[in-house]
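Participant: Sequences listed follow chains S and Y, in order.
Mapping the first sequence onto our numbering, position 44 (from 1) lands on 44, and the numbers just tick up by one.
Mapping the second sequence onto our numbering, position 112 (from 1) lands on 112, and the numbers just tick up by one.
Don't read these hints as lab results, they were simulated from the structure.
Keep in mind that a hint or two might mislead.
Unchecked claim - FRET-style restraints, in silico, Cβ to Cβ:
1) Gly133(S) <-> Tyr273(Y): 42 to 48 Å
2) Lys176(S) <-> Tyr204(Y): 35 to 41 Å
3) Met122(S) <-> Tyr204(Y): 51 to 57 Å
4) Tyr273(Y) <-> Val66(S): 33 to 39 Å
5) Tyr204(Y) <-> Ile283(S): 31 to 37 Å
6) Tyr204(Y) <-> Tyr158(S): 46 to 52 Å
7) Glu91(S) <-> Ile308(Y): 24 to 30 Å
Said to hold, decoys possible - Keeping only pairs whose Cα atoms sit at most 30 Å apart, straight-line, the calculated DSS-like set for lysine-lysine is:
8) Lys110(Y) <-> Lys176(S)
9) Lys294(Y) <-> Lys187(S)
10) Lys294(Y) <-> Lys9(Y)
11) Lys294(Y) <-> Lys90(S)
12) Lys9(Y) <-> Lys239(S)
13) Lys33(S) <-> Lys110(Y)
Claimed, not checked - Negatives, chain S to chain Y, calculated, CB over 12 Å:
14) Val35
15) Val71
16) Asp117
17) Arg170
18) Gln180
19) Met182
20) Gly183
21) Asn185
22) Lys187
23) Thr213
24) Leu265
25) Ile274
By construction, the Cβ of each residue, glycine as well, lies at the ideal position given by its N, Cα and C atoms.
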Amino acid sequence: MEGLAQDILNGLLLGGLYAVVAIGLSTIFGIVKLVNLAHGDLMILSSYLSLFMVSALGVSPLLTLVAVMPVMFAVGYILQRFLLNRVLGKEMEPPLLVAFGVSIIIQNFMLMAFTPDARSLMSSLSLMTFSMGPNLSVPVLYLIDFVIALAVIIGQHYFLQSTYMGRGIRAASDDKYAAQLMGVNTKNTYAIAMGIAIMTAGVAGVLVGMTFTFYPHSGPQYLIIAFGVVVIGGLGSMKGTFAGGLILALAQILGARVFGPGYQLLCGYVVLLIVLAVRPQGIFGRG
Amino acid sequence: MTTLFTKIKWSILAAVTVGLGTVPVWGSDYAMLFFMLFCIYLALAQMWNLLAGYSGLISLGQQSFVGMGGYTVAVLSSYYGINIWLAAGLGGLTSVLLALFMSLFIFRMKGVYFTIGTWIFAEALLVWFSNWAYVKYGSGLFIKPPNDITMEAIYYAAFLLGVGSVALVYLLLRSRLGLGLMAMRDDDQVSETLGVEVFRSKLYCFLISAFVTGMTAGVFFVFQIFIQPYKAFSIDWTVKLVFMVIIGGIGTIEGPVVGALIYVLLSQFLAEYFSVSMLVLGGIAITVILVAPKGIMGTLQEKLGFEILSPRRF
Chain S
1 MEGLAQDILN GLLLGGLYAV VAIGLSTIFG IVKLVNLAHG DLMILSSYLS
51 LFMVSALGVS PLLTLVAVMP VMFAVGYILQ RFLLNRVLGK EMEPPLLVAF
101 GVSIIIQNFM LMAFTPDARS LMSSLSLMTF SMGPNLSVPV LYLIDFVIAL
151 AVIIGQHYFL QSTYMGRGIR AASDDKYAAQ LMGVNTKNTY AIAMGIAIMT
201 AGVAGVLVGM TFTFYPHSGP QYLIIAFGVV VIGGLGSMKG TFAGGLILAL
251 AQILGARVFG PGYQLLCGYV VLLIVLAVRP QGIFGRG
Chain Y
1 MTTLFTKIKW SILAAVTVGL GTVPVWGSDY AMLFFMLFCI YLALAQMWNL
51 LAGYSGLISL GQQSFVGMGG YTVAVLSSYY GINIWLAAGL GGLTSVLLAL
101 FMSLFIFRMK GVYFTIGTWI FAEALLVWFS NWAYVKYGSG LFIKPPNDIT
151 MEAIYYAAFL LGVGSVALVY LLLRSRLGLG LMAMRDDDQV SETLGVEVFR
201 SKLYCFLISA FVTGMTAGVF FVFQIFIQPY KAFSIDWTVK LVFMVIIGGI
251 GTIEGPVVGA LIYVLLSQFL AEYFSVSMLV LGGIAITVIL VAPKGIMGTL
301 QEKLGFEILS PRRF
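Input sequences plus hints: build the corresponding full structure.
Facilitator: Structural data, given as structure tokens:
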């Protein structure tokens, strides 16, 4: 039983991080009906972007968010506006395969630009903890991840629910033609939605980079985590995404506790495959 | 006129096949290596095309069967001293068993869920094999063939699989199953109403694709001598196949042939720069989807109005 409470606490905090990794994928899946297979790679790209700024300017990784977020918004906007919008149509294959191509291009670009070595965004926060009892302590970094993740998810929810642009995006998602008749420029709307999604991926990238080591090939691993969260939590639900993140993270950490650390990823995958087979619309999904 | 055209077409095809089959006789060692890789990738790409181009199953998990076929050969030949060619054939069989097990999960999923499901399965296998003592964890296995093998023998095996895969898909599409598949591709629900067994047809294609992929991978790893989970179960396999088929022409029999040729040529030119060749291939593939979504062969067929290997019987 020793350390079980600690594992559960770590799992819950990690779940917040997984939720912010997934929120952008979930948004685009819901609005544009596209699984952006480049989501994980764009996330890792922002980890490298942050690393570049940290080493050039000597600032804290958290401060680089000020620059990473607008840059990633622009990347997402351009990607959707000039590439993905052109292949959106009745069939799902072309946009999926274009996103897959983009994913491979980004990965190999990072491999050439940043070498295959492991990197991380180290800061003084990495080792800090505060104690909550004899056998329980909170890693400060995990807590920061959790709080920022929560803020991003609530912020995005508020944006989509309450702003004019957010309503336009949801209208375009519900009925493209009706929205067009009402004067919504759906192409621009999709591009802005992708911009926001990739901006959240940028935040996730910086947080992941601060918490774990990353490589040019780390993207797909986080894509699968994001997809897993979306599958478990169901589409288009903020609470579902959060719950999905917690369940997946707990499954991994408790799996590693029972079967050994080598099986951490495997436990997550197995939970995911079972959920997919039994309830493809997700545990919290509608329908 | 058509009969003359047909005669010329089949004689050219026969000549190309004979030429390809006799490379060890007339070609250099390098030519043999080149065309062996071409045949291997042709067989693998043709199988991805059978799924994505004809059955509507976009799989990102072909590496499951590549790894399974490879490890079957490694374990059977090194641990049990079984003849290497028999082991490669059994690699196809274990891949079919794996595909059957996988289908319990992923055939409940539709569309993009199927796509990601196949990928997750492959990733799970990667983690499983790299934690499995029996196959020496992530450090991998050497394939020690109990019988003598020559490069020529590997070439002929690859040739049989490459040409066999083309013939198999051609015959399959002209069979009852193939007619059903094409009806399904055009309209899922109408064809089901007319009596096409959609689920069973898709499953058959998935199993056939696993069988040929596993066997081909077995032959490839006989050539490689060494197998490691991070290489064998890598998504890179499927990445290459996707690019080849898109560039050559998805949903055409000739497409994978052209795609595999382009891939092997490019990878030989850029042998020391794997990243560059993947960047170039990715760029070409995206351009093809934007400009000519049917790929090189699909667009040519549309413009010129003839097919070398037509799946249509009439």
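Participant: Taking the hints in turn, state whether each one holds.
Facilitator: For each hint, the structure was consulted:
1. Gly133(S) <-> Tyr273(Y): 42 to 48 Å: Violated, since Gly133(S) and Tyr273(Y) (Cβ atoms, about 55 Å apart) do not stay within the stated range.
2. Lys176(S) <-> Tyr204(Y): 35 to 41 Å: holds, 37 Å
3. Met122(S) <-> Tyr204(Y): 51 to 57 Å: holds, 53 Å
4. Tyr273(Y) <-> Val66(S): 33 to 39 Å: About 36 Å separates the Cβ atoms of Tyr273(Y) and Val66(S), which means 33 to 39 Å holds.
5. Tyr204(Y) <-> Ile283(S): 31 to 37 Å: This hint holds: roughly 32 Å between Cβ atoms.
6. Tyr204(Y) <-> Tyr158(S): 46 to 52 Å: holds, 50 Å
7. Glu91(S) <-> Ile308(Y): 24 to 30 Å: holds, 26 Å
8. Lys110(Y) <-> Lys176(S): holds, 23 Å
9. Lys294(Y) <-> Lys187(S): holds, 24 Å
10. Lys294(Y) <-> Lys9(Y): Since the Cα atoms of Lys294(Y) and Lys9(Y) sit roughly 22 Å apart, the hinted pair holds (cutoff 30 Å).
11. Lys294(Y) <-> Lys90(S): Measuring from Cα to Cα gives roughly 16 Å; hence the hint holds.
12. Lys9(Y) <-> Lys239(S): violated, 62 Å
13. Lys33(S) <-> Lys110(Y): holds, 14 Å
14. Val35: Answer for Val35(S): violated, closest chain Y Cβ roughly 5 Å.
15. Val71: Check passes; 21 Å lies beyond 12 Å.
16. Asp117: Asp117(S) is indeed farther than 12 Å from all Cβ atoms of chain Y, at 14 Å.
17. Arg170: holds, 21 Å
18. Gln180: Given that every Cβ of chain Y is farther than 12 Å from that of Gln180(S), nearest at about 23 Å, it holds.
19. Met182: holds, 29 Å
20. Gly183: holds, 28 Å
21. Asn185: holds, 21 Å
22. Lys187: holds, 15 Å
23. Thr213: At about 17 Å from chain Y, Thr213(S) clears the 12 Å cut-off, so the statement holds.
24. Leu265: violated, 5 Å
25. Ile274: For Ile274(S), whose nearest Cβ neighbour in chain Y is about 8 Å away, the distance does not exceed 12 Å, so it is violated.
When each numbered hint is compared with the structure, violations occur for hints 1, 12, 14, 24 and 25.
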